[in-house]
Amino acid sequence: MKSAEQIERSIRRLHVEVDAKSRERTLRDLVETHTRQKQMRQALSLLSLGRNIMRHKPGRIAAAATLVVVVVGALSLSTGSVAFSQVRHAASSTLSWLKSMLVGDTSDEPAALPPEPVETGGWTADRGRRTISCTARFFDVPQGGQDVQRFLEDEGIEFVEASAEPRVQYAILSRQEAESFDVPATVRCIASPRVMVLEGETAGFALTDTGKPGGLALGWLPTVSSDGKEVLSTISFHDGQAGFELPNLGTEPGGMVLILAKGMFPDREDNSEQASDDTREVLVQLQVEVP
Amino acid sequence: MEDKLLILRFKRGSTEALCRIYEKYESTMLTVAAGLLNDVNAAQDTVHDVFVALAQSPERLRLTGSLRSYLTTCVANRARDRLRAGKRLVTSLGETEPETDEETMPLGRAIRDEELGRLAEALATLPYEQREVIVLRVKGGLTFHRIAGIQGASINTIQSRYRYGIDKLRSQLNGEVEE
Chain A
1 MKSAEQIERS IRRLHVEVDA KSRERTLRDL VETHTRQKQM RQALSLLSLG
51 RNIMRHKPGR IAAAATLVVV VVGALSLSTG SVAFSQVRHA ASSTLSWLKS
101 MLVGDTSDEP AALPPEPVET GGWTADRGRR TISCTARFFD VPQGGQDVQR
151 FLEDEGIEFV EASAEPRVQY AILSRQEAES FDVPATVRCI ASPRVMVLEG
201 ETAGFALTDT GKPGGLALGW LPTVSSDGKE VLSTISFHDG QAGFELPNLG
251 TEPGGMVLIL AKGMFPDRED NSEQASDDTR EVLVQLQVEV P
Chain B
1 MEDKLLILRF KRGSTEALCR IYEKYESTML TVAAGLLNDV NAAQDTVHDV
51 FVALAQSPER LRLTGSLRSY LTTCVANRAR DRLRAGKRLV TSLGETEPET
101 DEETMPLGRA IRDEELGRLA EALATLPYEQ REVIVLRVKG GLTFHRIAGI
151 QGASINTIQS RYRYGIDKLR SQLNGEVEE
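As they're listed, the protein sequences go chains A and B. Okay, so the first sequence: first residue is 1 according to my numbering, each after it adds one. Okay, so the second sequence: first residue is 1 according to my numbering, each after it adds one.
Just so you know, these hints were derived from the structure itself, not from any lab. Only a predicted model underlies this, so the values are computations on that prediction, with no experimental measurement involved. Cβ coordinates follow ideal geometry from the N, Cα and C atoms, glycine included. A couple of the hints might just be wrong.
No more than 27 Å apart at the CA atoms, straight line, and that leaves these computed lysine-lysine pairs for DSS-like [said to hold, decoys possible]:
1) Lys168(B) with Lys229(A)
2) Lys11(B) with Lys24(B)
3) Lys21(A) with Lys2(A)
4) Lys21(A) with Lys168(B)
5) Lys4(B) with Lys38(A)
6) Lys24(B) with Lys4(B)
7) Lys168(B) with Lys38(A)
8) Lys168(B) with Lys2(A)
Covered by chain B, per the in silico footprint, the following chain A stretches (three or more residues, Cβ under 8 Å) [as the list claims (entries may be wrong)]:
9) 5-14
10) 17-30
Restraint ranges, calculated between C-beta atoms of paired labels, are given here [said to hold, decoys possible]:
11) Arg13(A) with Ile155(B): 45 to 51 Å
12) Pro291(A) with Leu61(B): 40 to 46 Å
13) Leu61(B) with Phe159(A): 47 to 53 Å
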């Protein structure tokens, strides 16, 4: 007859060994997951301008979205000079960084790390680089978006086609136009962060869902013309799947860049009926200042 | 003490500490999961999911007891979720057996020792709540109080389930010996 104690002792002796294949798979997944998590944390630790938790559900992008403003990288540019190729190169590396920030993709270098500083052809960093501020406003455009398009056209704002797939248009507003510009009542502001960077540095904005991959990330790299009358902004966008760049958009200080992006930010977890909706539009407004 | 250091290093970003935690507790957690699910393959997936979830959010790791208890609780919760999901699947398929890609491997078959194999088979016949109390208490090292929290029952109920479970195991195993 076995006593209760003997039964307990026997249960303690029960032992199952993990097979080598399963152990290897788990260890590999652990390292990958933890590395990705660390990279995300590293990116978030670069926060120099705060972190805002969105309180409202921003359309179909996310149920609980987090807006992160990150200043990354530094280029060695002379004051007032615009190194187009360098700026473009930096923006390109920003694209992959933005993507990796959104989806945690570690397969492409440099993963979730900020873009590497670019070669500046022997130029030296100038301590006198100017500070440029940017107030970004992200608007959720109702489905269809024709009303908004018409409204903007009625305002005399002419959009330039920047990309066909995804469809992206932009317009540049002078200081005077920007001062009188107001968005139509039908669009809803998702987020309105403000960032200040030195010229030649990249600021990253990421609107992400904490629960699923994807979202919306924007990189902004400004420089100032030698006479100080023009700010050149290279703007990169990524939604985790597709990205595009708008290189060297010139605005006067106080001016504004408006971007209408269509067909980006699909909710990948939606059913096929909803996922096929490619008419979703987002309006982004970037107002730059040289304080 | 070692666990506290491992947790500290893990929370500071050490992947090596995470792997060490896994290697230290993989077998215990696998045995707990296999005891609960009576399927070693499903248990391996459960343990995998528990550790990957841990790797995803080190900041959420706030221990009130030992690391072993914490991991055991995670395994118990995952195992319950898995069983519930399985039941839902069975129901949705009209009370027929669900088709699964993986073959099930009952705990009794995975244990080479004949006597322990019989014990594992007897364990699998117990009602889930009794089995859970016994496995979590004896293999997972959880207190009755903590198990009561997991099952949402009073300590007296948990102790009764434990006693009934052990008695059933005794009668089953002793019955076999007498035959």
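Query - Hints that the structure is at odds with (numbers, increasing) - result: 1, 3, 4, 7, 11
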